[in-house]
Amino acid sequence: MPPSARSCAPILVFALPDDPFAAALRARAEQQGLPLWQPADLAEVGWAVTLDGDGADVRLIDRKRGCIWPSDTLAGIWFQALPPLATIDRLEERDRQYVIAEVRSSLIPVWRSAACPVIGQPRSDPAAEVLGTGPEARIALSRLGLPAAKMTVGRERMVRQAQQGQCVRITSLTNGESFWLDGFNGAQDRPPVIERSTAIASEHRAVRVLVIAGQDLRTVDVRDAGAVSGAEPTAEDATLAARIRAVTGLELVLAFCSRQEGAWRITRLSAQVPWWLAEVPGMASWIGSWLVGRFVPGSRHAAAVSGGDG
Amino acid sequence: MTRRILLVGSPRDPTYRHTVSMPVPDGCDVVTLDIDQLATDPTICLDGELGGAVPIRVIDGDRVLAFSEIDSCYARFIDPPPEQHPAHDEAAWAGLRLLQLALAAAPFPVINRPGAGESNDTKPMHTAQLGDLGFPIPRSCTTNDRDEALAFLMSCPHGAIYKSNSGQRSIVQAVGPDDLDRLILLDRCPVLFQERIHGTDIRVHVIGERCHAVAIHSGNVDYRYDRSGTAREEPFPVPDDLGERCVRATAAFGLAFAGIDLIQRDDSGDFVALEANPMPGYHGYDLALDGAISASLWNYLART
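Chains as they are written, first to last, in numbering that gives the first Met the number 0: chain A, 0 to 309; chain U, 0 to 303.
No wet-lab data here; the hints were simulated from the structure.
C-beta: ideal position from N, C-alpha, C; glycine also.
Hints may contain errors.
[To be verified] Facing chain A, a subset of chain U residues (Cβ under 8 Å, in silico):
1. 103
2. 122
3. 225
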């Protein structure tokens, strides 16, 4: 049965079942008595975007409960990741890729046209262009006037840097896999570092992550071996965060930065929050509270944020 | 002064072969780059730091050309041959990606710059953008839900068609009575439905500000797959207002060259826009137009 009152509208969360930030949001919503819908399987969600000359009409369907939600009746949508889709498990790889491409393309108008707030997906072309790990995103950053980190391309130069003892992070241009080249002893796969770092090339591997949530900002330092810790935002951090916010229009965005030529330069922007940031004390509950406050204005968000880890 | 034009493509691609075979304007020096050879032939060499641009040199026989020595480029990227699929040949695939990056940021005009017109890979959004650009568009519904699809189909008194949402090639088909029983399968994969527009298919090729169009008369919903032998193409004079809209749309998608698919409605004569192809396979239409498209393309490359 379609809901009639906005007050009972759920927050729709697309995330993997064990996502720590989704868990934090769930906890915060529960604390405040707010309904939250996080499908365990994508097949639990139906969607329809109908387009005519006057615009788009977006509807979400909770198949498990038999509810239809026109998008203006949802409190909001947060996208962290596509939930698993059990029906594709037994498909051949080519068919699986086809289905995933179709699902992603079909959902884009949901993110772009939904009448409720959508966090975690770009709602404009410029925002879409700057997200991602590829060099294209870095070119787009430069074009939009944001300080993009330089990226080394070309085998000769990378080898030279390695021979000089610099640590170079090499990213595959085809599948996004990456590894560190240490000295000239060959490449070593170091998954923890790969998981936790995003700098392209830095002698000290120091990397700073700006976590921008609306007008709020938190910063995180990533050190050798992937250790993370919260840091006090500097004036430089705040200025860069304001520029990113203004240029991309993204409400929740993470900027991964490396220090180059005396300034922070962006190695990538992401609208998703990586699981390892949950290791920073208070980070998960801060983001959970911010999302609740964004989706349900007037909730007890402000008190929860100032309450710290909660 | 000699204009140096870089052609990038594969001899396996009939459109690329056609382009190479057409007359080149006087005063042009054409350098070809075979993307199938990137793995085995060091045709391109990248070395430097990627910031806002990609440093690249093109090796053409004994010549080594910096990008700064190139005046314009026509590039058609197609999938590598099966033996060069990334799973088999990382080097070839990486070379292709590097070249695409380089052309995306190149300082000279590129037809078409990699990445431009990407919305074509997301048909529902692409259709909406065409609507925003002033074209009538077909009513559409992308869904993975049987009931929503059924409700949409019932609202289409003149029938409906279905096709893929993404850039994956699919054969456009009319929704028939048997398809209604298959709607239950939608929860496994969403589909894009559109109201069926009855009329004549029109393909407009835009190069810069020039338009060349062909009308296609076919009994098939998707004329590309009409094997009846009765389909025919004929030159179609583009009305001024339609041409202006097509030129504007091409520029809005960041393209210099586009193949815009339209249907001229039988009932009202209106032109309904279906999509703007960012890498038009134009050679068949060019033959129907006595080479007018390729002549405009070469002129653009020689003068822009």
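Verification of the hints:
Contact between residue 103 of chain U and chain A, as hinted, is supported at the beta carbon level, the nearest pair being about 6 Å apart and thus within 8 Å. The closest approach between the C-beta of residue 122 of chain U and any C-beta of chain A is roughly 7 Å, which is under the 8 Å cut-off, so the hint is satisfied. Hint on residue 225 of chain U is violated. Least Cβ distance to chain A is approximately 24 Å, over the 8 Å limit.
Checked against the numbered hints listed earlier, the structure breaks hint 3 alone; every other hint is satisfied.
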